[in-house]
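Visitor: Chain by chain, the residues run as shown.
2 protein chains.
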Amino acid sequence: MRMSKGVEWALHTLLNLHMAGGGPVGNGQLAAMHGLSATYLNKQLQLLVKAELLTSIPGAHGGFRLARGLERITLLDVVQAIEGDVRLFHCAEIRCCGRAGEIEPQPTEACPVKAAMVRAEDAWRQALAAQTLAEIQAELDRRPAIARAVHTALN
Amino acid sequence: MRMSKGVEWALHTLLNLHMAGGGPVGNGQLAAMHGLSATYLNKQLQLLVKAELLTSIPGAHGGFRLARGLERITLLDVVQAIEGDVRLFHCAEIRCCGRAGEIEPQPTEACPVKAAMVRAEDAWRQALAAQTLAEIQAELDRRPAIARAVHTALN
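Taken in order, these protein sequences are the chains called A and B.
Going by the working numbering, the first residue of the first sequence is number 1, and it counts up by one from there.
Going by the working numbering, the first residue of the second sequence is number 1, and it counts up by one from there.
Hints listed in this document are in silico derivations from the structure and should not be mistaken for laboratory results.
Among the clues, some could well be false.
Which copy? The list can't say, so a pair holds if one copy fits it or any two copies do.
[Said to hold, decoys possible] 27 angstroms max Cα-Cα, derived DSS-like pairs, lysine-lysine:
1) Lys114 with Lys43
2) Lys50 with Lys114
3) Lys5 with Lys50
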């Protein structure tokens, strides 16, 4: 049930683009930053474009650019862009099937099992939504040599 | 990244066993409660036995029995029993690879990306651990006809 590796790739690439000055930076250069497959990274970057976190700039000097500041990108934005469906609990309403379904074929009340599982997921989503990439960048900025080196590597 | 359908099956089956009086109830009867595949349900029940949430009683009048009261079974216990690994974020430490790895091959500080993602997961796990099946049963007990019907069906 783990999320795809694309989430880690997307998070680091968004931070790298910020440290590069915002972009545009080509997919190949972004992939080389972490020794990633350029083909698979490109798929993730297209998902970030679709989610309006990145802008794709065509042409020889084109590439990907941050569509907004890191203070306006939350962890939930990125997880949602890459994973799409961010529901964790698989509910097939089995309470309405088999002998249980005969007892109460069309329950009028919400399933307390589903409600409890959804409450837990909400806590996760809220914690993702409460953290921005700007806060992560602030931690990286404690060692300014990193940002300088990334900026040099991508420009 | 969704969890397997086994989690829903396990949660409802544990509640059904409680309503049946604790068991033992055979796998076939438990599967029939929700029109489930007995083979697949049996695999989930074996995982619950391994996690010491159920006890397996051999013999013609055997079956599965709750190993402890619902007040001592949390949602996290069940998710962990069925899913095993309950980490959501896939971290391959890509910050140590490629050009980024050349900048800082062996970082001494924890990765702030991973730390932020783990904080969110911790909120989810805490919310799962904070809810017991007894609390869910208390909601089901508001309509006592259900527990009576399940008891009749499984005895």
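Visitor: Next, verify each hint and record whether it holds.
Guide: Here is what the structure says about each hint:
1. Lys114 with Lys43: Only across copies: Lys114 and Lys43 sit 22 angstroms apart there, 33 angstroms inside one copy, limit 27 angstroms.
2. Lys50 with Lys114: Intra 31 angstroms, inter 24 angstroms, cutoff 27 angstroms: inter-copy only.
3. Lys5 with Lys50: within (18 angstroms within a copy, 30 angstroms between copies)
No hint from the list above goes unmet by this structure.
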